[in-house]
Structures are given as C-alpha cells and as structure tokens.
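There are 2 protein chains.
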Amino acid sequence: VSERWRYRAELAYVGTEFHGWQRQRNADRTVQALLEAALAKFARTPVVAVAAGRTDAGVHADGQVVHFDLPAPREPDRIRTAVNALLPWDAKLLSVTPADPGFHARRDALWKEYLYRWSRAAVIPPRDAPFVARIGAAADPGLMAAVVAGLPGTRDFAVFASRHPAGEPTVRTLHAATIESAGDEISLLLRGDGFLRGMVRAIAGVLADLGRGAVPPGRIDELLRTGDRRLLRPKAPARGLTLSRVHYGLN
Amino acid sequence: VSERWRYRAELAYVGTEFHGWQRQRNADRTVQALLEAALAKFARTPVVAVAAGRTDAGVHADGQVVHFDLPAPREPDRIRTAVNALLPWDAKLLSVTPADPGFHARRDALWKEYLYRWSRAAVIPPRDAPFVARIGAAADPGLMAAVVAGLPGTRDFAVFASRHPAGEPTVRTLHAATIESAGDEISLLLRGDGFLRGMVRAIAGVLADLGRGAVPPGRIDELLRTGDRRLLRPKAPARGLTLSRVHYGLN
Numbered sequence: 001v002s003e004r005w006r007y008r009a010e011l012a013y014v015g016t017e018f019h020g021w022q023r024q025r026n027a028d029r030t031v032q033a034l035l036e037a038a039l040a041k042f043a044r045t046p047v048v049a050v051a052a053g054r055t056d057a058g059v060h061a062d063g064q065v066v067h068f069d070l071p072a073p074r075e076p077d078r079i080r081t082a083v084n085a086l087l088p089w090d091a092k093l094l095s096v097t098p099a100d101p102g103f104h105a106r107r108d109a110l111w112k113e114y115l116y117r118w119s120r121a122a123v124i125p126p127r128d129a130p131f132v133a134r135i136g137a138a139a140d141p142g143l144m145a146a147v148v149a150g151l152p153g154t155r156d157f158a159v160f161a162s163r164h165p166a167g168e169p170t171v172r173t174l175h176a177a178t179i180e181s182a183g184d185e186i187s188l189l190l191r192g193d194g195f196l197r198g199m200v201r202a203i204a205g206v207l208a209d210l211g212r213g214a215v216p217p218g219r220i221d222e223l224l225r226t227g228d229r230r231l232l233r234p235k236a237p238a239r240g241l242t243l244s245r246v247h248y249g250l251n
Numbered sequence: 001v002s003e004r005w006r007y008r009a010e011l012a013y014v015g016t017e018f019h020g021w022q023r024q025r026n027a028d029r030t031v032q033a034l035l036e037a038a039l040a041k042f043a044r045t046p047v048v049a050v051a052a053g054r055t056d057a058g059v060h061a062d063g064q065v066v067h068f069d070l071p072a073p074r075e076p077d078r079i080r081t082a083v084n085a086l087l088p089w090d091a092k093l094l095s096v097t098p099a100d101p102g103f104h105a106r107r108d109a110l111w112k113e114y115l116y117r118w119s120r121a122a123v124i125p126p127r128d129a130p131f132v133a134r135i136g137a138a139a140d141p142g143l144m145a146a147v148v149a150g151l152p153g154t155r156d157f158a159v160f161a162s163r164h165p166a167g168e169p170t171v172r173t174l175h176a177a178t179i180e181s182a183g184d185e186i187s188l189l190l191r192g193d194g195f196l197r198g199m200v201r202a203i204a205g206v207l208a209d210l211g212r213g214a215v216p217p218g219r220i221d222e223l224l225r226t227g228d229r230r231l232l233r234p235k236a237p238a239r240g241l242t243l244s245r246v247h248y249g250l251n
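Protein chains in written order, with my numbering: chain G, 1 to 251; chain D, 1 to 251.
The reader is advised that the hints may include incorrect statements.
When chains are identical, the list treats them as one kind, so a pair holds in a single copy or across two.
[As the list claims (entries may be wrong)] Pairs of lysine to any residue, SDA-like flavour, derived with a Cα cap of 20 Å:
no.	residue 1	residue 2
1	K235	G194
2	K92	A122
3	K92	T170
4	K92	G136
5	K92	L70
6	K235	P141
7	K41	R29
8	K92	P130
If you are wondering where the hints come from, they were derived from the structure by calculation, not from laboratory data.
Bear in mind that the values here come from a model prediction, so they are computed numbers and not experimental data.
Taking the hints into account, I'd like the entire structure generated from these sequences.
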C-alpha cells in the first residue's frame, strides 16, 4: 500500500502564453503540464494536479484551486517555495495547505467566480492590454447591467456552451451576475456553481454587442428560451477573462 | 527649405522586453528604435523621436512624453492609430497633439515623476510580477517614509548616478519624495526637475535595505554628505520602476 498525502493549492497565472489549463497530448504549453512537471521534479515521482476550473487558452487565473498528492508529507510553505522556483514567471502557487484525502478541487467547489474586463479607451495601456478586451466607446454599462440582473437562477445554459459532451447535464445555477463600470473600464462578474465550456465568453460576447446597441436587450433571454445558437455573437476574446475565485465553504 | 510639423505624444510601455528607451548601435530592441521605425513607415521618411526621460532596460513608462517632426501635417488621432498599429503590444501612443515647433520633450519638462514598487508578499502574483520588486516581509514603510521626507530640496545627487559624464552638472531639485504603503505593497514616489542616470534605483536600493534594518537610517544623508559610493547598496531591480508622469506647465 502506497500512502499519499493530499494538498490543496491556490494558483495564479497570466494565461496569455498558455494553451489553457489542461495538459495536451502534444507539446503545447499548458499550466497543468508545467505544474505537474514542477511537482514531479520536487516529489521525484509523477504527480497529477486537478484544477477547479479548466480554463481555456489565453484565460487568466487569480485564484485557481488545485489538489495533488505527494508520496510523503512535506511542509506546505516548503512545497510552495520549491515548486514556484521550478515554475515559469507566469504561473505561481500563492499558497499550499494540507487537505483531507477526500478533498477534490473541482467536485468540492461550491461556487466559482469569473471576471470579464473591457475597456472603452481609445488606447488600452500596454500593462492592462493582456487582461482587457476592447469595447466601443458607445457601450452602455447601464444597459448591460440591467440585462445581466435578470440572469441569476437555475437554467439550462446549453446554448452558451461550446463543444459540450452529448448527454451531459447543461443546467447550472448562477448565483450572481453584475456589471461594474469605473472610468473607461466595464467589467462583468459571474458567480455560479459551475460553468459550461466557453459559457462566460459566449455571454460576454452577446453582452458587448448588446451594450453598443448591435443586438436587442432581450437577446440573452431569447437565446436561453430558444437555444438557437445562430442568435449568438462571436465569443468575447480570452484575454478579458479571469477565473478570480473558487469557494469551498468552511472546509 | 523643407518644412516640418512637430507633434508631442504620450507613450506607455512595459519595459520588460526592451533594452531601455534609447536606440542602440546594435540590434537591441529599444522603444526609440521601434517607435522611430513605426513613425518612419507612417511618414515614409526617417523620423527622430526625442523622449523626456531615457529609461533604462527593464524600466516601464505610464506617461513618457516624446516629440517628433513629420514632413506634412497629419490629423493627430490618425497618427496615433496608424503608429499604434505598427507598434508591438508592449509600447503604445496614448495620445498625440500638435506642438509648437520649438517644443522639446526633455528640455521643456518642468518635472518628472517616478514610481518604485515593492511587495512584501511571500509570492507576488504573476500579473504584478513584471512591475514589482520583492522586499522582505520585515520592511518598515514608516521608517522608509521618515527617511525620504528629508530628501526634497536642491542637492548634488552625484553619489547616486551611474556612469555620469564627467563635468556635467549633478545638482538636481527633488520636489517631492514619499513612501506609500497599502496591503503588501510599498511604493516610493519621486518628483523632481531631473534625475541622474540610475538615481531612482540607487536611492530605492538603499531605502530597501534601510527599511529592513540592514543599513542605518542616516545612510542616505551620509551618502549625500560624503559622496562615497562604497556606502551604496545594490541598485533596486529595474522591473519595480515606472516613469509615471512628465509635467510641462501650461504649454
């Protein structure tokens, strides 16, 4: 019997140069592949890392949560320091804590929070450009806010999913959906028990066009009611999206 | 007689991948070289760009100011848009305005403002890492603030200059020097009529060691009084430094 010690870690990354979270069969640079390589080097044995949310290529994380097992107990801060020294600058463990052997980063998450950022500025300053998508100066945050206010609830979000596996459930509960606006920036915050693949960017894409009057305000309702993907707008760019937080209750 | 039309532009860049502002004889990637190449392509003639501050390799700018001449008058927003399309993601013109033919971005600047950022966090989140230097958790911003409060005035700052041309004046006037602290971050703001090469990072290097008690609080005074460069600490890393603003009075 080989014993395993489970750890939970909070992870932040700048998604720009990653082909998303998930390890690929090819040599693509993914967060999971680099984290698992660093963990394996530290533990001197292969290690699998499981994330709360499988972010797509170009999507950022401020508070991704992962779990992994080590063959021997290690001091958490020592794990963090050693693994961070093996990770590239654009992905770092923010914290490591011992976890219950049954803890599962994805299945135990009560809710996740995604933030989508746009800027109405004529020029987005370079330091913000990797994290903010452009939106026309005429975009109306008040209109966008009014539309998203009606979004929370338990619904079938299938119309917003890209490449969803047939037969798998597409009903999710959105706990909160808000638009904030400050200066040139408009941001969308979605908090929910789960998100279908591509769902946040699909909603953001419709909202952006709706904010500038290019689609009617009722378009999101219409999409949910009809499930007609032809009513979608192009997905909002990945760079505007950040997985900001994963919540697990008191455990 | 070939007439010239002068323009003034505000420029922001992420310094990480640049070998500083100034064009080099070799093929190093510098902001000036790329901006001049973009302007030349736009104007179909060689264009020289003059900056308010010649930032070093790795130093950022939020509000660098440059001037340049074009052989024919062009709509300022059109210049900005066309040149930005020719610039890489990490350097962009924020604004372009017509300028008096005698306007000079460096000589006419009344004061410049530099910001140096440190973090006391055990892990600096990747999105901040390119802009923030590490400082020990024990660093005391109150002590640093007390020391910099005595810095404004007209003084010979030669001791803080790296590779200063012999015979050139080294007296500068610092209008303001403040330390701010918020959460894990400590930042130093210096505003002055001019800065010697390497001066901000040399001062920041002493301050960082002073903040953690590694050098006595009187060290900056001692450096200014004795001019003894052996009392210096290593310069603070370039990545923490940003040229934040250049001021020209009412013109």
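First find the shortest C-alpha distance between K92 and A122 inside one copy, then the shortest across copies, and answer within, between, both or neither for a cut-off of 20 Å.
between (32 Å within a copy, 11 Å between copies)
Checking an output row: K92 and T170, CA cutoff 20 Å. Within, between, both or neither?
neither (32 Å within a copy, 42 Å between copies)
Within a copy, between copies, both or neither: which one fits K92 and P130 at a CA-CA cutoff of 20 Å?
Intra 17 Å, inter 13 Å, cutoff 20 Å: intra and inter.
Identical-chain pair category, K235 with G194, by Cα at 20 Å:
within (19 Å within a copy, 48 Å between copies)
Copy assignment of K41 with R29, given that the CA separation must stay at most 20 Å
within (17 Å within a copy, 35 Å between copies)
Please sort K92 with L70 into within, between, both or neither, judging by C-alpha distance up to 20 Å.
within (18 Å within a copy, 46 Å between copies)
Is the C-alpha distance from K235 to P141 at most 20 Å within one copy, between copies, in both cases, or in neither?
For K235 and P141, only the intra-copy Cα distance (18 Å) is at most 20 Å; the inter-copy one is 45 Å.
20 Å Cα cut-off: does K92 pair with G136 within a copy, between copies, both or neither?
Between. Shortest inter-copy distance 18 Å satisfies the 20 Å Cα cut-off; intra-copy 34 Å does not.
In terms of the numbered hints stated before, the structure departs from hint 3 and from no other.
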